[in-house]
Amino acid sequence: AQSVTQLDSQVPVFEEAPVELRCNYSSSVSVYLFWYVQYPNQGLQLLLKYLSGSTLVESINGFEAEFNKSQTSFHLRKPSVHISDTAEYFCAVSDPRTGGYQKVTFGIGTKLQVIP
Amino acid sequence: DAGVIQSPRHEVTEMGQEVTLRCKPISGHNSLFWYRQTMMRGLELLIYFNNNVPIDDSGMPEDRFSAKMPNASFSTLKIQPSEPRDSAVYFCASRSDRAYNEQFFGPGTRLTVL
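Here the protein sequences line up with chains A and B, keeping their order. Counting from 1, position 71 in the first sequence corresponds to residue 71 in our numbering; the numbering is continuous, with no gaps. Here our numbering runs 1000 ahead of the position in the second sequence, where the first position is 1.
One chain only, chain B, in its complex shape:
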């Protein structure tokens, strides 16, 4: 298995632009997580999906952030409009509910908003 796939790996954009981050979880995994990592705040859970349904979005910072999971093999995290304080590394992770104690992380997307 290729593991969790994220794209793009790096994104540089200007303030006010829309940014879309993409994630393909490991095949057969039915839980998906979006995290944000910064030096100041560490690793923060943004949203959690189970069987394509958002279960916990309490970590989504504000309405500029939205996430979707239209099917079991694809999820997006969108920021519109983006701001410089959104600059961070965004990780997607997936997990099988049969082995629910381990999350498998993607390589991350490094977002820079100028």
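Just chain A, same shape as in the assembly:
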């Protein structure tokens, strides 16, 4: 069975400061890893994903995440946050072995609050 732990339920950070949102996963096999973002009153949107290859993946709006197999982590970082980054962020994992049915397990979410 796979699981995801997001250690922080809320992260307040000042505008233009760096931020790291932590995610650890548990799986006995190789995994696919995702970060989704949910803006207020909206559905989740894919922010970035790791499937294979380079362990550092980036999004178009300046976020990046690094897959660390030894630490079973996939932390999300941004060097300088903007007010518009205020949202809830979900880490997710799926097992690529399951073929067509890839059940995605989501973490509990981390609310990022950017303070002006």
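Treat the hints as calculated values from the structure; they're not laboratory data. Incorrect hints may have been included.
Derived DSS-like pairs: lysine-lysine, alpha-carbon spacing no greater than 25 Å straight-line [what the hints assert, rightly or not]:
no., chain 1, residue 1, chain 2, residue 2
1, A, LYS78, A, LYS111
2, A, LYS103, B, LYS1024
3, A, LYS111, A, LYS49
4, A, LYS49, A, LYS69
5, A, LYS103, B, LYS1068
6, A, LYS69, B, LYS1024
7, A, LYS78, A, LYS49
8, B, LYS1068, B, LYS1078
9, B, LYS1078, B, LYS1024
Computed from a predicted model, the values in this text were never measured in an experiment.
We have chain A already, so just place chain B on it with the hints.
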């Protein structure tokens, strides 16, 4: 494409009433998911359809919940009878098996059962 469409966006009902939530997936997507989101439990997968067939309904909480997908462009999630503990935001998501790593979420239906 309009994205995943859900209706209604908000539903307020009384305990014991039947509630039907609707979803139109993105055209061409052949996988559909129903999720429930609450503060206490986060995002939970209720049921997964592939090519209109239910593949995994292990997340459906109890017999009061049922879901159907009569065709590739429509799905419903029904709660009968509803209870206050069913209050949550219900999301529908769809996915193409050709790009099976990304789910596209609808805006959700906020259900309040009084």
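Verification of the supplied hints:
About 15 Å separates the Cα atoms of A/LYS78 and A/LYS111, which keeps this hinted pair within 25 Å; it holds. About 20 Å separates the Cα atoms of A/LYS103 and B/LYS1024, which keeps this hinted pair within 25 Å; it holds. Annotation: proposed proximity of A/LYS111 to A/LYS49 holds, straight-line Cα distance about 19 Å (limit 25 Å). With a C-alpha separation of about 15 Å, the suggested pair A/LYS49 and A/LYS69 falls inside the 25 Å cut-off, and the hint holds.
A C-alpha spacing of about 19 Å is found between A/LYS103 and B/LYS1068, which places the hinted pair at or below 25 Å, so the restraint holds. Proposed proximity of A/LYS69 and B/LYS1024 is contradicted: the alpha carbons are some 38 Å apart, above 25 Å. Using a Cα cut-off of 25 Å, the hinted pair A/LYS78 and A/LYS49 holds, with the two alpha carbons roughly 15 Å apart. For the hint linking B/LYS1068 to B/LYS1078, the alpha-carbon distance of about 9 Å falls within 25 Å, and the restraint holds.
The hinted pair formed by B/LYS1078 and B/LYS1024 meets the criterion: a straight-line CA distance of about 15 Å does not exceed 25 Å.
Hint 6 from the earlier list is the only one contradicted by this structure; the remaining hints agree with it.
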